[in-house]
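The C-terminal position of the sequence shown is numbered 202 in this note's numbering, with every residue numbered one higher than the one before it.
One thing to keep in mind: the hints can contain errors.
With a straight-line cut-off of 25 Å between C-alpha atoms, the simulated BS3-like cross-links for lysine-lysine are [unchecked claim]: (1) K144 x K176; (2) K144 x K155; (3) K201 x K144; (4) K149 x K176; (5) K176 x K201.
Derived from the structure by calculation, the hints contain no laboratory data.
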Amino acid sequence: MLSQMDNKDRPPKRLYTVKEAAEYLGISEWTVRELGWAEKVRPVRFNRRVYFDVRDLDTFIENHKF
């Protein structure tokens, strides 16, 4: 595991896996997949893998506040 010092040298992570996006939003992985399929949060597809941009996740949160 990387130490805190190593994390300072790296740029912040922008693309999250389905699992990471689910943890970030506090919802299930299945719900994240459904959000991607419905394009409520647009997925990033790269090398047959699906990622979610943390900026899009933040926008989703902001748009669903009331």
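Hint-by-hint comparison with the structure:
1. K144 x K176: violated, 32 Å
2. K144 x K155: Since the Cα atoms of K144 and K155 sit roughly 23 Å apart, the hinted pair holds (cutoff 25 Å).
3. K201 x K144: violated, 31 Å
4. K149 x K176: holds, 21 Å
5. K176 x K201: holds, 15 Å
The structure fails hints 1, 3 (numbered hints given earlier, in ascending order).
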